[in-house]
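Asker: We have chain A already, so just place chain B on it with the hints.
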Amino acid sequence: MIGFVDYAWLVPLVPALCFVIVGLIGHKTPEKGGYIAIFGALFAFVMSALVAYDYYTSEAYKLGEAVIIGPIEWLNIGGYTVNFGVYIDSLACIMMLFASFISTMIFVYSIGYMGDQGEKKRRYYAEVSLFLTGMLGLAVSSNFLEMFVFWEVMGLCSYLLIGFWSYTHHEGDAASINAASAAKKAFLVTRAGDVCLMAGLFVLLYAFGSMDYATVFANAQQVYAQDPTLVNIGILLMFGGVIGKSAQFPLHDWLPDAMAGPTTVSALIHAATMVKAGVYLVARSYPLFVTSSDAMLFVAAIGGITAIYTASMALNNMNIKRVLAYSTLSQLGYMILALGAGAYLISMGMDMGGETGQTLITLGTMGYAAGILHMINHAFFKALLFLCSGSVIHATGTEDMRKMGGLRKTMPITAYTMLVGSLSIAGIPILSGFWSKDLVLEAAFAPFDNGLGAGSAFCILFILGMITAFMTAFYMFRMWFLTFTGEPRGHCHGESPKTMTVPLMILGVFAAFIGLIVLADFSYFIIQSLAPGLADALAANGLYLGFHDSMHILEEIFTNVWTYVAIVLAVVGIFIAYRMYVKRPYVAEDFDQTKKGFLYRLVANRYYFPQLYNQISWKLGYGVAKGVDIFDRNVIDGTVNGLSNAVVGSGEGLGQAQTGYVRDYAAYVVVGVLVIIAVVLLMVSYGGGF
Amino acid sequence: MIGMEFFLVFAAILFAIGLYGILSSKRGLVTLMSIELMLNAANINFITFASYSGNAAGQVFVIMTIAVAAAEVAVGIALMLNAYKINKTTEVDELSTMRW
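Quick note, the sequences are listed as chains A and B, same order.
Just so we're aligned: the first sequence equals residues 0 to 689 in numbering that gives the first Met the number 0.
Just so we're aligned: the second sequence equals residues 0 to 99 in numbering that gives the first Met the number 0.
Next comes chain A alone, as it looks inside the complex:
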């Protein structure tokens, strides 16, 4: 039977066509192609919804299989075949749904936000369409190479869009640079990760002889048993790509600078596309990743470190967008932490087997679900928060929170939708963020709780996660209070137009309640995407893909003491922000970043990470360049110049012999003849003839 699922390839194709159309004739259409881009995104969303529904009701879903369409042979090189196909499972459905929905909202919002950009709008709408194509293509790819192509499409688009406004743009943050440099930085830093990813894909191709998800996942356990080192290297290299794309420590530094782009682009990068691609890759490669528990400990550790490290930088930043950027980094850390911990649990569970093993696997799948759920929740509340900040920036003309304040009265819709987003991200109960954050922390705590080998390491990660939860609540409300309460400290021309506030309200509703899907069928739905790779391997050990149903999750969340600790921490964070930024009157020195203590300056300067990057690139890159330059100038140029100088010099020297005096020439002839005669005579007298 042919259903919508067989036309899933239309999902990335239509935005791609919109990119072409807007790029070619966008300037002749109203809003310079804006409506075409919105149509593309909306079509992608409707199509994704139909595909998702079709898949949800299909036989394949019930059996725990993915629907693979195609594949068309793409490359056939040296015995390896690379296909181009579409791979639809629950994970792909979820990615398509939220990416296209949020993109639709952002594109609609752009009509208002980018309204004054004139001819440049064509470029903007073409590039965002391509960006969306990249993300949707990534979601439906059926093999790693195809995924990598779309991965790189997004890399290109992020470069183009971050550099959209190529002038200096750094209000309220000392450590930032202009948009062109930010774009270059984003491109180069993610490139460092992409090189790792590409190397990882080569390792995969060598180990598995194929790039297809289906083949790789089905053989993951077997190949790992044969050559664990090879697979470990492959996994870690692939994770290097994730570190770059999802901006994990230590390649996180491009994301704050990426704020130089338009706010809508930031929303797109942070919520719908780009950084979610890294998390998606981890989730997608789960059947492969669970083979190696050691690598998963590393993944979780990177996630945990990123979460707290980047949250600390949001604590004192004065730029409204950058606070949100650090918050994204921190939340991405949460996702990676949950996915890493979940994979670690599954991996340990498979090794142990039996009753305990089954418990661990069930907890592990919960970690997986937590990571995905947090990704979805984060997509909604971060899109909302960014669009709210865009609305504020639109109204005040600045990104510096020191020049805002008291905006609650002039722009109430923005203020209250942003409050919803902030409450959600802070983890206030029954809002989206609460559910996913709690599950993430629970997954991080589970290895310790079950007394596994690396339990103590996970305990530390769990504590870091808890502190991060506190920091999150504090910096989000610091931002909200600074922006919307108190006395106005700058001008503001009122609430934004309807095209901007309506998406905000829609996203506000979603940001508040999307997390409740966890109480529906979510865990089961998402775990079906693990089945093609893991179900058989587990069955061989007498295990199965267990999952926590919604009642179990509810029970677990509300009987766990840590849940209440997290809630208290969040409330305390909000309260401290309230005491610091609402109760106390503002003093000018509060905002003077130069007169603060060492710790303050350390954080404000992003732990001097940009300087470290610069030092490395200057000392290393410039040193190498300098050495090459010296070699070039002295050795290569020296040889060439020396040769030419020798020829010219000897020519000029010989030229001196041409005096122009006939008698001189005659004298040369005479001398020459005399020499010849002398030689001939010598030869005759001593050599005895010729």
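Fair warning: there could be bad hints in the mix.
Over 10 angstroms on every C-beta distance to chain A, these chain B residues come out as not near it, computed from the model [what the hints assert, rightly or not]:
| id | residue |
| --- | --- |
| 1 | Val8 |
| 2 | Ala10 |
| 3 | Leu13 |
| 4 | Ile46 |
| 5 | Gly57 |
| 6 | Val59 |
| 7 | Val74 |
In the DMTMM-like style, the derived pairs of lysine to aspartate or glutamate whose C-alpha atoms are separated by at most 25 angstroms in a straight line are [what the hints assert, rightly or not]:
| id | chain 1 | residue 1 | chain 2 | residue 2 |
| --- | --- | --- | --- | --- |
| 8 | B | Lys25 | B | Glu35 |
| 9 | A | Lys183 | A | Glu118 |
| 10 | A | Lys61 | A | Asp548 |
| 11 | A | Lys582 | A | Glu486 |
| 12 | B | Lys25 | A | Asp663 |
| 13 | B | Lys87 | A | Asp663 |
Everything labelled a hint here was simulated from the structure, so no lab data went into it.
Here a beta-carbon is modelled for each residue, glycine too, at the ideal position from N, C-alpha and C.
Answerer: Positioned in the frame of chain A, the structure of chain B alone reads:
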């Protein structure tokens, strides 16, 4: 019969005078005359050897040389005339402007 060496020494002296004339004189016409002297020294050698060996080939060469010398002098004199028209002098040292 006069010995061959007289002719050869005479030719050598003639040649040396011509060579000296070329190397020492700045004047173009003297240079041309010196060249004629040297050519004729060579001619005397040719004839001497032809006469003493009874071979006519040397005399044939002399006829050739005289013809070539006449042509050469014609060209040389023409060059000198033109040089004189331009420089108002026939001194060969004045004709050094075409060097590097």
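Asker: With reference to the structure, classify each hint as holding or not holding.
Answerer: To see whether the hints hold, each was checked on the structure:
1. Val8: 18 angstroms, holds
2. Ala10: Holds: least Cβ distance 16 angstroms, greater than 10 angstroms.
3. Leu13: 16 angstroms, holds
4. Ile46: 22 angstroms, holds
5. Gly57: 21 angstroms, holds
6. Val59: 25 angstroms, holds
7. Val74: It holds; Val74 (chain B) is separated from chain A by about 15 angstroms at its closest Cβ, greater than 10 angstroms.
8. B:Lys25 x B:Glu35: 16 angstroms, holds
9. A:Lys183 x A:Glu118: Given pair Lys183 (chain A), Glu118 (chain A) holds - Cα atoms ~24 angstroms apart, limit 25 angstroms.
10. A:Lys61 x A:Asp548: 16 angstroms, holds
11. A:Lys582 x A:Glu486: 12 angstroms, holds
12. B:Lys25 x A:Asp663: 11 angstroms, holds
13. B:Lys87 x A:Asp663: 23 angstroms, holds
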